[in-house]
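Engineer: Sequence:
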Amino acid sequence: MRQVLFLSLIALCGFFISGSVSAQDAEIEEVVVKGKVLQSDQVNALKTPTPIINVPQSLTIVTDDEMLEKGMRSIGDIIRYTPGVNTSQGEGHRDAVVFRGVRSTADFFQDGARDDVQYYRSLYNVEQVEILRGPNALLFGRGGTGGALNRVTKKAMVGDDFRTVNLGMDSFGAFDVAADINMDMGDTMALRINVQAILLKIIEITMKATD
Numbered sequence: 003m004r005q006v007l008f009l010s011l012i013a014l015c016g017f018f019i020s021g022s023v024s025a026q027d028a029e030i031e032e033v034v035v036k037g038k039v040l041q042s043d044q045v046n047a048l049k050t051p052t053p054i055i056n057v058p059q060s061l062t063i064v065t066d067d068e069m070l071e072k073g074m075r076s077i078g079d080i081i082r083y084t085p086g087v088n089t090s091q092g093e094g095h096r097d098a099v100v101f102r103g104v105r106s107t108a109d110f111f112q113d114g115a116r117d118d119v120q121y122y123r124s125l126y127n128v129e130q131v132e133i134l135r136g137p138n139a140l141l142f143g144r145g146g147t148g149g150a151l152n153r154v155t156k157k158a159m160v161g162d163d164f165r166t167v168n169l170g171m172d173s174f175g176a177f178d179v180a181a182d183i184n185m186d187m188g189d190t191m192a193l194r195i196n197v198q199a200i201l202l203k204i205i206e207i208t209m210k211a212t213d
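Numbering (the working numbering), first residue to last: 3 to 213.
Do not rely on the hints blindly, as some may be mistaken.
Stated by the list, open to error - Each computed DSS-like pair below joins lysine-lysine, with the alpha-carbon atoms no more than 30 angstroms apart: (1) LYS156 with LYS203; (2) LYS203 with LYS72; (3) LYS72 with LYS157; (4) LYS156 with LYS72.
Said to hold, decoys possible - So the derived label-pair ranges between C-beta atoms look like this: (5) SER76 with ILE54: 20 to 30 angstroms; (6) MET185 with ARG105: 17 to 27 angstroms; (7) LEU201 with VAL33: 42 to 52 angstroms; (8) VAL33 with ALA115: 36 to 46 angstroms; (9) GLU71 with ALA181: 29 to 39 angstroms; (10) GLN112 with MET185: 15 to 25 angstroms; (11) TYR83 with MET159: 18 to 28 angstroms; (12) GLN59 with ALA176: 13 to 23 angstroms; (13) GLY73 with GLY188: 19 to 29 angstroms; (14) VAL33 with MET171: 43 to 53 angstroms; (15) ALA199 with THR155: 28 to 38 angstroms; (16) MET171 with ILE30: 49 to 59 angstroms.
In short, the hints are calculated from the structure, not lab data. Ideal placement from N, C-alpha and C gives every residue a C-beta, glycine not left out.
All chains, please: the whole structure from these sequences, using the hints.
Structural biologist: If you want it as structure tokens, here you go:
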């Protein structure tokens with residue numbers, strides 16, 4: 003009886019040894035893990051990136067996902083969704099914003115730098131739009147007392163490759179196409195290209211006086 007038990011133990015040990023050797027010989031699939039930093043909610047319109055909770059002003063932030071979801075294609079479209087801010091037509095079709103009743107064409111910023119040139123601002127290369135309501139002379143110097151509008155441009159994204167194309171047309175015959183291309187160029191480098199082409203149709207209106 004003891005001899006049978008002894009032989010059984012030897013066979014069992016041999017089974018476990020064989021199983022462990024087979025497990026060691028098996029190929030293990032390589033897993034590559036890439037880490038990314040999660041950017042916290044912050045506003046860039048205060049010269050330096052600042053957490054939203056530390057901004058002592060009324061603030062509205064519109065992201066590029068919201069712009070795409072709601073079909074926003076201009077600063078005027080964003081303002082229509084912003085409380086306390088209205089839009090008006092500036093001379094030469096430039097952007098003009100009314101902050102809390104104060105009309106301004108100079109309180110525009112891009113990445114925190116003043117951008118008060120008189121032109122129409124598209125959103126094709128914008129990551130988010132930040133609208134501050136209230137006086138801001140302490141940060142930006144000259145300007146209106148109603149508020150400020152800052153556009154944050156898109157930045158290259160390391161570890162990601164994508165290409166998107168957007169087409170647009172309005173009822174007056176205007177047509178535009180915009181492309182957003184991000185190319186990963188290594189562990190620490192990336193290239194992002196944003197381009198837009200706009201074709202406008204000029205409508206001539208003739209008014210005649212009648213007796």
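Engineer: Hints first: check each against the structure and report whether it holds.
Structural biologist: Hint by hint, here is what the structure shows:
no. : hint                                   : result
1   : LYS156 with LYS203                     : holds, 29 angstroms
2   : LYS203 with LYS72                      : holds, 25 angstroms
3   : LYS72 with LYS157                      : holds, 22 angstroms
4   : LYS156 with LYS72                      : holds, 19 angstroms
5   : SER76 with ILE54: 20 to 30 angstroms   : holds, 25 angstroms
6   : MET185 with ARG105: 17 to 27 angstroms : violated, 42 angstroms
7   : LEU201 with VAL33: 42 to 52 angstroms  : holds, 49 angstroms
8   : VAL33 with ALA115: 36 to 46 angstroms  : holds, 43 angstroms
9   : GLU71 with ALA181: 29 to 39 angstroms  : violated, 20 angstroms
10  : GLN112 with MET185: 15 to 25 angstroms : holds, 23 angstroms
11  : TYR83 with MET159: 18 to 28 angstroms  : holds, 26 angstroms
12  : GLN59 with ALA176: 13 to 23 angstroms  : violated, 36 angstroms
13  : GLY73 with GLY188: 19 to 29 angstroms  : violated, 36 angstroms
14  : VAL33 with MET171: 43 to 53 angstroms  : holds, 47 angstroms
15  : ALA199 with THR155: 28 to 38 angstroms : violated, 18 angstroms
16  : MET171 with ILE30: 49 to 59 angstroms  : holds, 54 angstroms
When held up to the earlier numbered hints, the structure conflicts with 6, 9, 12, 13, 15 and fits the remainder.
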